[in-house]
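There are 2 protein chains.
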Amino acid sequence: MKKVIGIQGIQGSFHHLVAQQYYGEDVEILECMSFQELVRSLVAGETQEAVMAIENSIAGSILPNYALIDENDLHVVGEHYIPIAMNMMALKGQQIDQIKKVYSHPMALLQCKEFFKKYPNIKLIEDTDTAEVARRISEKQSKHVAAVASTAAASIFGLDILASDIHTKKSNSTRFLIISKTKKEPNGEKIDKASLKFELESRTGSLVSVLNIMRDFDLNMTKIQSMPIIETPWKYSFFIDITFDDYERFCKAMEVLGMMTEQLRIFGTYKNNV
Amino acid sequence: MKKVIGIQGIQGSFHHLVAQQYYGEDVEILECMSFQELVRSLVAGETQEAVMAIENSIAGSILPNYALIDENDLHVVGEHYIPIAMNMMALKGQQIDQIKKVYSHPMALLQCKEFFKKYPNIKLIEDTDTAEVARRISEKQSKHVAAVASTAAASIFGLDILASDIHTKKSNSTRFLIISKTKKEPNGEKIDKASLKFELESRTGSLVSVLNIMRDFDLNMTKIQSMPIIETPWKYSFFIDITFDDYERFCKAMEVLGMMTEQLRIFGTYKNNV
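Chains as they are written, first to last, in UniProt numbering: chain F, 1 to 274; chain W, 1 to 274.
Looking at chain F on its own, in the form it has when it is part of the complex (with noise of 0.2 Å):
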């Protein structure tokens, strides 16, 4: 039986695209057509494992996303990284300026801000996922409108691009988690990543105490971010990722963490893949 791979958005999406990179073509996939129903299939055991975008290079993080992970006890047990590129389309024959409206991802959207500049009157309509909007018009024969989508999304649903390549920062790239269940342990592959989550009082000491702890025991930081616990002031949430070259000394480290800050959370450990 083959593995069922949970997606955002449908086929032709970004998320389809980095199904394909990560486990090639014999897994199925099962669409879903919002974060929420992405993590509570995955949940059910609808799907063995799921595709979440997490972060890119203009909006940062999508914390939510770690907010799904965390509050549904699931683990990260991969990582990807895709450059993505936006292009309009719509229907065979349409011109650029007859299209009124066009919808997409917000993040999409947001990422071709310039661009749209030039067609002040272009509405820009928040939609669900890139592909779907693309189907929707191929399927309804819908003229005036248009898509933000990947070039597979065109190529799928038979669109015409109306203009290539159109989000502003181009080199652009977004990373997805693979989430699953089962939290992943060495076993025979390498792994020498984690994200890990934690507490700490605003004290830039503490802070730098931990930051400490991981340079000694050789853990290397690719990310840091606070955010604000509102119910306890001066205290902050930390989302770290670092990488290591020996499993056990993390394991120690970890250990040696966990006393050190609050509610210490491991999201996962995975193959670094940047």
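Watch out, some of these pointers could steer you wrong.
[Unchecked claim] Mimicking EDC-like on lysine to aspartate or glutamate, the simulated pairs with C-alpha atoms at most 20 Å apart in a straight line are: (1) K223(W) with E199(F); (2) K117(W) with D97(W); (3) K117(W) with E37(F).
Calculated from the structure, these hints are not laboratory results.
Use these hints to put chain W onto chain F, whose structure you have.
Same frame as chain F, now just chain W:
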């Protein structure tokens, strides 16, 4: 002549509320329909200062706004926090089950995601400003459409509140920056907070050294966020906020940091308003 203050959005928007609380009533307000427009009018001298949302407790920082401040060589001269309460509003007499579409700012829609799960038939559509939608519904007397905005917007534009406090996170607070073309230096008033950005290689050790200096100079960190610099692998930008008691010591610490980091940019020094 009254000071002219730029806000993103129109009367009744959360930015307007911040302007009222921060400046009182004795200022003129210039409504701007995007953050780009807010910055353009400030740079052009059409406003003396501007109010700009910068982070909230669900989605984190609005990183593109830091880029706007940076690229236009603007300065942070103040900050203001307000709790954000979202309400669904429509023409008088409309019932919630008559509503087919809800327009609002993407962040407002995100904050009310849980609430709208109960109404799968309502289509959520991204718009530029929370209050602007309320104004449009009122002007055009649009039925079957609702806005998600502040109670102030409902009362200014004479709409009925169909559901109040529909945001998920009840202790949700949003931080706004006050930005200007000119730097703020101590001048009788207290200056005890700064926002800065610098670049570093990704070794944990280099960040620890910077934080050690900050601790040695009694700087207290209230925010840290790293962002990979795509063009130069293994290099990161760090966005940091710090509070301090002694402005002179802060200045000395910045001299040291200037030598230890690359591209140090002090966005501004201002009064801590937490």
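Against the structure, the hints:
no.	hint	verdict
1	K223(W) with E199(F)	13 Å, holds
2	K117(W) with D97(W)	14 Å, holds
3	K117(W) with E37(F)	11 Å, holds
Violated hints for the displayed structure: none, as all numbered hints are satisfied.
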